Amino acid sequence: MLTYLARRLVLAPITIIGLIAVVFVLVRLMPGDPAVTMLGDYATEERVTALRVEMGLDKPWYVQFIVYIGKLVRGDFGESMRMQKDVSWLIASFFPPTLLLATSAMAIAVLFGVTSGIFAAFFHNTKLDYGTSILAVTAYSAPAFWLGLMALFVFGIRLRWFPITGSGSGGSPLDVLRHLILPAGALGLRQAALISRMTRTSVLQTLQEDYVRTARAKGLDNTRVLVKHALRNALIPIVTIMGLTLGVLLGGTVVTEVVFSRPGLGKLLVTSVTTRDFQTLQGLVVVWGSIVIAINLAIDMVYSLIDPRIRYQ
Amino acid sequence: MRKWHYLRGVSCLVMVLVFSLVLMNAATFAARDPSTIVVRLMGDISTLDPGNVKNVNDMFIATNIYASLVRYIPGTSEIEPDLASSWEISDDGLEFLFHLREGLQFHKGYGPVTADDVKFTLDRIVEGKMVQASYLTAVDSVEVIDDLTVMIRLTSFDSAFLSKLAYRPGFIVSRKAVEELGDDFSLNPVGCGAYEFVSWLPGETVTLKAFAQYHDVQPAIQNVIFRVVTDETAAAFAIETGELDIAVVRSQETIDRFKNDPAFNVDVTPGTSIRMLVMNTSRKPFDDVRVRRAVAHAIDRDTLQAILGDTVVVTDQLFTPAFFGYTPDVMIYDYDPAEARSLLKEAGYPDGFDLQITSTQLAPWPDLMPVVEQNLKDIGIKATVNYLEHAAYNSWRRDGDYAMTVMPLGRPPHPDFLLAYSFVISQYPPGGNLSYYDKIDSLVEAARAETYEDLSRELYQVIQKKLSYDVPVVPIGYQAVVAVMQSDVKGYLPGILNGFWARYLYYED
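Protein sequences appear in the order of chains L and Z.
Just so it is clear: in the first sequence, position 261 is 261 by my numbering, and no numbers are missing.
Just so it is clear: in the second sequence, position 490 is 1490 by my numbering, and no numbers are missing.
Pulled out of the complex, with its shape left as it was, chain Z reads as follows (with noise of 0.2 Å):
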């Protein structure tokens, strides 16, 4: 019977492999290291050189290594000083005079960060016309006065410069790192941030440690391990077994799981990026404004909100309390299909109309469109919803060509960079005017020029009151950040802006 000894010397074979793993394991599980933070990473990085940075995945690390001249304070609209100590705004606003605080390092031995590497880093996005040089619109020259202090110089004032600043393009590189490294600078990132670069393998971790020399508070962990976990159950999954310490999912199913788990803490912090209907202002049959306040009152917010849970907080406004001048004194439009019926009636479509509308499949679209798919159906116009791959909609939606579709855009919490993208006739399609909206233009130059704040705060308020008479658009409401995590890890400030903050992060003993 000699077949049976093979078949049993396999089997004795696996067993012992088994166990023997199983119990290695078992002293693996068990350790947790103090010094290390483990954080879910959505898809792979593809740059961390941050005048090309522009999905969330190359964010969450880019935050981390960089610093910026003034930042935000975390989750409000609110610049504080960072690198610069303090700055001078001439009366025209034109000029900017940023003094850099002394002693700033950049990592791996790039010596003192300077005037010099400011002037570079904005030169470069601009003239190296990088993602980010569309920000940067609005500056004329950039000039060295000494070590320590840097001009920049604008064409026009822009009342959200400082907001820009604190965004992508004001990451400030090394100019020594980028001119010995070249086009290796991407993947070996050297900045002035909380944390610098250890090592990114390929499709798995990008791993970062802390800064000895870093001019803020020194974080309290010392090593961060992005670690790439594409699927949401996966990552629900791993957040379980320990594998991850902290997460930011995007399914309502797996914050459900967590939510009354005492093992775990669940953050939900509204964003700054917005979700919302778009009607083509310039054609049938939105180009009647009765029909588009018909189609803002026929949206039932309540069902949205109970449909998509904790992942969007739904809304009737453009803009939340956290932006720069906002007010709630806007119209409001209540679910009213009474309403709405009888708005259609007058403009001339007692019998409603035929609509298509296209939409792209990024969540959350597909579970809300089905909803206002019917509430548009209950006040008279057969809507049918058909959906595109978001690439193949982002291709699709510059034609132009339709009566109704959506968008998500995601804005740091100035209003000027949703309206100058989403609401000036020079951005028309392929921009990012979708509606054909054409009536704050002077408005939009107004405020982002005047250099007095109240009064600036007062016509982004007019601004706001006039989209809201109008409704060229139909807000849906805000994409939250949701981020579940071990009970004992503390600090978690949610980033607004697509960002990840490791620094404020401690472990509870």
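Extracted from the complex, chain L is given alone in its bound form (with noise of 0.2 Å):
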């Protein structure tokens, strides 16, 4: 166990590495100049040529590569030059707006997942089940974006139940939570849906053990049966699923934060792009990397645990 741990932990470096290296040639191949985009469209060639030399773009890209490495590997993330602000800060102040919204949607997502999934399965082929059905696949069929849009016009507009813009941050606690349900709802939704297909299916299939049948038979009611036996190993494909969902969430706060007005790592994603503050992006991409490569290490750890036949050498 240890041991694959901490062979997973050298691994980790190597595939943030790999990614930069992807990322860092494809943000040089996107056309347009980062000093002209800085520079705006009075710039002299002089001005943009110095520039240049200045960010080191003048070099080739595999020493431009080398050096920010180098950088990297000491925490610095190099300088942002559309706000010439260290990019490790930028981030910082954006992060935790992003990062509450996520785990928000998380929340949202496992909570009406699981328990819809497990309502399901346990009441398969009934109208409740048929009923869940329905809703979970409408709700993965339609896109974040709209679903936010639906969810501004619905409860902002018509109901005025929820603000529309911002994160109510600067206010107290519950400012912040009126301006999180919209969004996190609309995020968490349509993983809530595939949360929820997910269970069913996996439950249903635990139900249909010899075990559960044993179970049964010994008399155990029906909650014993389900909780005790059939869903502890039910549980292997729902956290698989949960681990991809944080991942997706993650990447769905994008359009989400867009949407909803929210301040956060996915509109200064967009914002890198848009004026080729590539130091940024990189940045972005490292931060973003490292959370999902997490991720999926806590997911295999977290199998051990569930199931104790799961060993990893």
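Derived from the structure by calculation, the hints contain no laboratory data.
Possibly wrong hints are sitting among the right ones.
[Stated by the list, open to error] A few chain Z positions that, by computed beta-carbon distances, are all more than 10 Å from chain L: (1) Pro-1074; (2) Trp-1087; (3) Ile-1089; (4) Asp-1116; (5) Glu-1143; (6) Glu-1204; (7) Asp-1216; (8) Val-1228; (9) Glu-1243; (10) Phe-1258; (11) Lys-1259; (12) Ala-1263; (13) Asn-1265; (14) Ala-1306; (15) Ala-1338; (16) Ala-1391.
[What the hints assert, rightly or not] Distance condition first, Cα-Cα at most 20 Å in a straight line; then the derived SDA-like pairs of lysine to any residue: (17) Z:Lys-1209 <-> Z:Tyr-1110; (18) L:Lys-228 <-> L:Leu-111; (19) L:Lys-85 <-> L:Arg-74; (20) Z:Lys-1054 <-> L:Glu-46; (21) L:Lys-85 <-> Z:Asp-1183; (22) L:Lys-127 <-> L:Thr-201; (23) Z:Lys-1129 <-> L:Val-53; (24) L:Lys-85 <-> Z:Lys-1119; (25) L:Lys-85 <-> Z:Asn-1057; (26) Z:Lys-1119 <-> Z:Val-1142; (27) Z:Lys-1054 <-> L:Thr-274.
[To be verified] To spell it out: a stretch of chain L is covered by chain Z in this simulated footprint if at least three of its residues, at any positions, have a beta carbon under 8 Å from a beta carbon of chain Z; those stretches are: (28) 167-180; (29) 274-281.
These numbers were taken from a predicted model, which means no experiment stands behind them.
For every residue, glycine included, the Cβ atom is placed at its ideal position computed from N, Cα and C.
Both chains are given apart, each in its own frame, so use the hints to dock them into the complex.
Listed below in structure tokens is the structure:
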């Protein structure tokens, strides 16, 4: 177990370096010069050239890459050209609202997904099951931005239940919560649907296992059979999908943050692309990539906790 | 049946949560704070250091924080005193002597505004090669005569110099604040304008409050919150719910939504940001003026206006009446496909030619280029348009390798800004002279260097005529500045220079 963990921890930075290499090359293949974007249309050729030298963009990409990795190892993400601020500072200031949004959406997805999935499985082939299935398929078919706009329209404009812009930061915790519900709901609903379907299938499968029949034959009541015997065994695929979900949700914040006018990494990412802010873009990819890698690792570890039969060598 | 209890428990919890939030919201929505106004910001700020601001979001904030020696009377090209109560210009036009008002103060206790701060502001931009440096190339030296008197010497007369001081490069910063704050100044700005900076929540809001020691009329509204709402639909929703009091908007859909609703007012003002089709006069087929005139005759402006609605004011002239030296007395090319075809035939293209046009994806181009494409096809020019994302377009056009492209350009209403950037030889690509036009250099120099105002005006009229004969570019229209506001918001004055002036706003009782 520990050797496995150690091996994964050694592999993680290598994965991240590979990821950076891909992004590094891609942003440089993208048409559009960061120096031109930075200086505006009044810029003279001398100023553009000077700035390119200043930014190190005149060097071949692999030299830039080695310099970047060298800095990164020392914890230096470089400076954002657009803001002329440290990228680490920028990411740190935009990270909290995104983390809050993604984890809340995750909580909603798990709460509603797992609950509805279990009920659908337990009452399978009843009206409850069909109803849940229809809802889940509908929710899963709706793109996040559309769900977001619909939520804005219904709960923000028609009913006026919730504010529709900003994150309420700087206000009370209640204010933050009010601003959070619509975007987190819009973002989490689609994943809730996925988790719901997955849970239903998985629980249904385990319910047909011999040990469940044995448990029933012993005279255990339904709840105990479900919770003690079926659910734990059904958890592996559910946990897998939850891990994937957090990655999807972090990505989904890009659209949700724009629709709900919330600050966050997603919006920072979009701005960095349109302004060709390479350093910020690379920094974001490193952070995002690290999070996804960490989640995957954590999920693998959780497997062995859920199912003691799983051993890592 | 314990499982039902679980379900009930969860749903009860959710219901209670939702309803308590709804109840608390009812109170929040009802109350409106008359001392605060919430303004849409179309994107987050990047810097509030006036030496480097360049996008509309930065400008929205900067115009409220800073003041300059002179300023535009909003909506016009006229200059009026601001920090300087008066000024004298030497006969040769090379020396500008400014007299500062007495008792001017910087925000946050940074002390009085002095001649030294003016010198520091301008020197810093030029020596530091900041973004605004290109506006101040004519500045030779800045000399402090005494605390309230400052002399700016130019290397050559620049009739647009006062206009430049009224624009971004002229926003006066506090030397003490810049030296104390260093790099932090860009997001902790200190100026002497109507509002002082309070806070910036990254990606969310910029908050300003009225400056008690402002030298001009005190603003009616004490607090201004600029809220970042990037998405146009979200902005329209937020105006409707009252989360935004006033918003500059870009799409016709949004305008139509509020135009006939008495709860809102819509203000549409033609700006000074032009959209034009550019033809490369250095290569075939547009080296022939007849072909360029044919293109000018081919454009169906009525259809364009119908498609662009209120967002763009379609024009057949390069300048609007808002510009210094404007004249309507220029060559106008009416929509006349038959004339266009015969001009093409005369030029030796009886069957037209193939034409590749590259355009930016920025609005309004994707809406208007299909019309242009069709108009050109109607006269035999087989045009195809391809679009580049804006940053990609900006880099691409610097190579100057095209027959026809497009150009959006926002400049103050003094003709020198546009002419010296887009129609002189020194600005051949990668500069802004995308049409490689070389016929008015001496005229532009002369008009700029002419100290006698009426003569300068006349020279600009000659230039406008010359340009209309040579048609290196076909003007399409001026981007309108459209603002939607709650009906009780009064006093809105459109910022034709990408700015926003909160100090004129007030609520009607």
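Here's how the hints hold up against the structure:
| no. | hint | in the structure |
| --- | --- | --- |
| 1 | Pro-1074 | 24 Å, holds |
| 2 | Trp-1087 | 26 Å, holds |
| 3 | Ile-1089 | 25 Å, holds |
| 4 | Asp-1116 | 26 Å, holds |
| 5 | Glu-1143 | 27 Å, holds |
| 6 | Glu-1204 | 4 Å, violated |
| 7 | Asp-1216 | 30 Å, holds |
| 8 | Val-1228 | 6 Å, violated |
| 9 | Glu-1243 | 5 Å, violated |
| 10 | Phe-1258 | 13 Å, holds |
| 11 | Lys-1259 | 18 Å, holds |
| 12 | Ala-1263 | 13 Å, holds |
| 13 | Asn-1265 | 19 Å, holds |
| 14 | Ala-1306 | 28 Å, holds |
| 15 | Ala-1338 | 37 Å, holds |
| 16 | Ala-1391 | 4 Å, violated |
| 17 | Z:Lys-1209 <-> Z:Tyr-1110 | 16 Å, holds |
| 18 | L:Lys-228 <-> L:Leu-111 | 19 Å, holds |
| 19 | L:Lys-85 <-> L:Arg-74 | 17 Å, holds |
| 20 | Z:Lys-1054 <-> L:Glu-46 | 19 Å, holds |
| 21 | L:Lys-85 <-> Z:Asp-1183 | 9 Å, holds |
| 22 | L:Lys-127 <-> L:Thr-201 | 17 Å, holds |
| 23 | Z:Lys-1129 <-> L:Val-53 | 15 Å, holds |
| 24 | L:Lys-85 <-> Z:Lys-1119 | 27 Å, violated |
| 25 | L:Lys-85 <-> Z:Asn-1057 | 18 Å, holds |
| 26 | Z:Lys-1119 <-> Z:Val-1142 | 6 Å, holds |
| 27 | Z:Lys-1054 <-> L:Thr-274 | 15 Å, holds |
| 28 | 167-180 | holds (count 6) |
| 29 | 274-281 | holds (count 3) |
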